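Heads up: the sequence lines are chains E and V, in that order. For the first sequence, our numbering begins at 1352 and goes up steadily by one. For the second sequence, our numbering begins at 27 and goes up steadily by one.
No wet-lab data here; the hints were simulated from the structure. Check the hints yourself; a few may be wrong.
Said to hold, decoys possible - A short, non-exhaustive set of chain E residues, derived as facing chain V with CB atoms under 8 Å:
id : residue
1  : Gly1453
2  : Pro1457
3  : Val1559
4  : Glu1605
5  : Asn1609
Fair warning: this is a prediction, and the values are worked out from it, not measured in the lab. We put the beta carbon where it would ideally sit given N, CA and C, even for glycine.
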Amino acid sequence: MTDISTIIKLTAAEIAAKIASGELTAVEVTEAHLARIEAVDEKVHAFLHIDREGALAQARAVDAKKAAGEKLGPLAGVPLALKDIFTTEDMPTTVGSKILEGWVPPYDATVTKRLKAADVVILGKTNMDEFAMGSSTENSAYGPTGNPWDLTRIPGGSGGGSSAALASFEAPLAIGTDTGGSIRQPAAVTGTVGVKPTYGGVSRYGMVAFSSSLDQGGPCARTVLDAALLHEAIAGHDPLDSTSIDAPVPPVVEAARNGSVQGMRVGVVKQFSGEGYQAGVVQRFNESVELLKSLGATIVELDCPSFDLGLSAYYLIAPSECSSNLARFDAMRYGLRVGDDGTRSAEDVTALTREAGFGDEVKRRIILGTYALSSGYYDAYYGSAQKVRTLITRDFEKAFEQVDVIVSPTTPTTAFPIGERADDPMAMYLADLCTIPTNLAGNAAMSLPCGLAPEDGLPVGLQIIAPAMKDDRLYKVGAAVEAAFVEKWGHPLLEEAPSL
Amino acid sequence: MTVIDLESYEDALATYDPVMGLEVHVELGTKTKMFCGCSTELKQDANSQTCPVCLGLPGALPVVNEIGVESAIKIGLALNCEIAEWCRFARKNYFYPDMPKNFQTSQYDEPIAFDGYLDVQLEDGEIFRVQIERAHMEEDTGKSTHVGGATGRIHGASHSLLDYNRAGIPLIEIVTKPIEGAGARAPEVAKAYVAELRELIKALGVSEARMEMGQMRCDVNLSLRPHGREAFGTRSETKNVNSLRSVERAARFEIQHRGVALDLETGGTIVQETRHFHEEDGSTTAGRIKDNAEDYRYFPEPDLVPVAPARDWVEELRKGLPELPRLRRARLKEEWGVSEHDMQSILNAGAVDLIVATTEVGAPADQARKWWMGELARNANETGRALDELGVTPAPVPAALRFRPGAPPFRLSASAAGFPGPWSRRRSSRRCGSAAAARSPPSTTASGVCPVPACRPRASCRRP
């Protein structure tokens, strides 16, 4: 019997191998992680819902398969933390909002289905900014999540629950969604790995929509290989999502097993630097560029002038789409209903429910988006933002004529203290400066740890960006960088995190 | 209901020219809904034909029904429209409890078909060309039943019941350009247009287009302008006028009603409003005032990829178009040797296709016509049923005619002749009974993206 503290430090690949070889059972692994959650989640608050019985039942099914001599998949029996934005027919799905408190959907999201089909053990649902709107998880209606590196700091957002679950060793794998950086920025500030696949790479069916043309589900893990294994399990064409890409999934696992940057051209974009970047972040980023050179990459400086407009365009497109996507929360069919005392009109009940059920940031964006789509303003706001989107896509296209991947800091600063930016939406929005252009263009990107900022000892993320449908390049480069850093540090970065 | 003073029809027309716009919604006879795999069959049990997609549950996504697109293209082609090489769906945002997502997935500035026309024949034989602005695809809403009030309208009701079985059923909205120059014949043109459109839809096999069942619904927009003036007047929109006779009456009523309103006008403009049509007396009453504040905040639907019908597919569909109903009627009239008046009766009785089918199985035309237009037509009329709802099919008719040579072709006791009880009430299926519909593959939506390569979006159009 391996002890809990050893099991929880294992990577997903290691767990799967040990279960397959019979060294560990899926139940042992699940129990270890449930015990870890029990021990630390009161402090971290990564989870909104823990499905103890469901997880153990899934684990027992894996062990039974193993006992019956069936071949196990590459992630069979590995525990996972699922962002509470994916529908689950056996667990509540709240999207971090009061308006869906207690709602148990009648159907599983495609991602949920694929995880179950891969025999992944779903431990529970993780905390998030309400409707994925935020960069700190402070906008959750169920309270903030702490960053395992320093519980008084934010774990990033919107997927702070998923990143914190990984960094606190509550789960070796997690699922996030990335509309403007909600997978990558949390990964960066918690010293974990997060990937936003190419738009259309992972089905959005059953993923509660924030901004349909930007939302993309993806894998979160502690290593590049684990992220690739999870990526492969959830990606691929889904006939229920007409924006899903009908093409083979890029060979991400193969790329992660064969990390190399030898002979690659790596771009550094001028626009991803300057004012607002923390010194320690810039320092670690520059070291990463030097490392890439030393590993055989050629560095190319790039100018992508439209990137400067990304944040503004994003904050017109995302709220516009959300104002329409969130209109369905009207108290008629599901979720919260306030003020239905038999005397009020449906309109009043809808208004009272939305007043009570939506948080400030959600309301702010609904109002902003409603305004931007209004006749007379459409061309100036939504229309212009779509033009900027085209320009950014062109900048990327031009850039990728010259380079194979682009690198940048994932986010301009390390984890900031809880409460510091809560009342300053503009400061909060700046956290997504480097991640947003990728969402607007629809291509793929990864964040992985590149060290601790000297001034605060907190993790810094390196972002790698690849062209659409070349997700495998992220893993090829990421695996090479990861290996070189681990060799340099002598251990994975998370070893340096304080024990909880 | 308030009593409205109406100007006489002649007085109104002495001063004003009517300008009409007709908007017709056709419910398609596809097996499944526009964006999900739910059946479109009419069911009594409320909310029994629903799924996460048509209920608009969080996370659910639409997928376009290929047969819906094909039907839209057929309608567009039959109306002499251009078929868009590339078009998108758009979201029409407004709140109403029977609309699950609080936006309707529709088309806005990029309709699948546009710039066409339909020639319609008036009673004196004159052909009037109605210009078509567009035909676009959209989804139907659910149905609200307001309980506890006197009128069945929401005002005064104690509560409302919502049934989403209809939500997501495919609709094609066909919009005319302003119809000018019809003068006193405007109501007749309106009726003839809707009648011709209905025949066309039926001939295409894309819908049964039964107005009494709401499969075809008409909005009559009407404005008046003084003779000689270019600019259009302020219009009224009379919603859900659901029979041919009502279309004519509504247009007539509004000409008189608007005439009064304009006469009373003291320099300002009269209000643009939505009006309700009353079947009982053919009048209309004011609904909501429509001002320019109504803003649907249209934007391209990001959950659906653009529709880019391949040109060869469109051409294939064009080749398969049936003979236009107007031309077919002229040909049959000639072949059967009947008068214009008799042909009109056959048409009104809904007997054209039945007579054709009966001649196709071997009956002489005149006998086939007498068979259907005699006792059967009378019975259908008296019992308020359609001729093809009586349970009598054309196949056994020639045998029955031979069985009693020289005798009157049909007697009430003729059920002994071996066809299913003609008078048993059989519920009609909303399914389109034509061969074309029967050939349709079951559901494209259940399996998602259109299986026909022709309908798939171009790779470069994947993202909005």
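Hint-by-hint comparison with the structure:
With a least beta-carbon distance of about 13 Å to chain V, the hint placing Gly1453(E) at the interface is violated under the 8 Å criterion. Interface hint status for Pro1457(E): upheld, as the beta-carbon distance to the closest one in chain V is roughly 7 Å, under 8 Å. Against a cut-off of 8 Å between C-beta atoms, the interface hint on Val1559(E) holds, since the closest Cβ of chain V lies about 4 Å away. This hint is violated: Glu1605(E) has a C-beta 24 Å from the nearest C-beta of chain V, more than the 8 Å allowed.
Look at Asn1609(E): its Cβ only gets to about 28 Å from chain V, farther than 8 Å, so that hint breaks.
Hint check: violations occur at hints 1, 4, 5; the rest are consistent with the structure.
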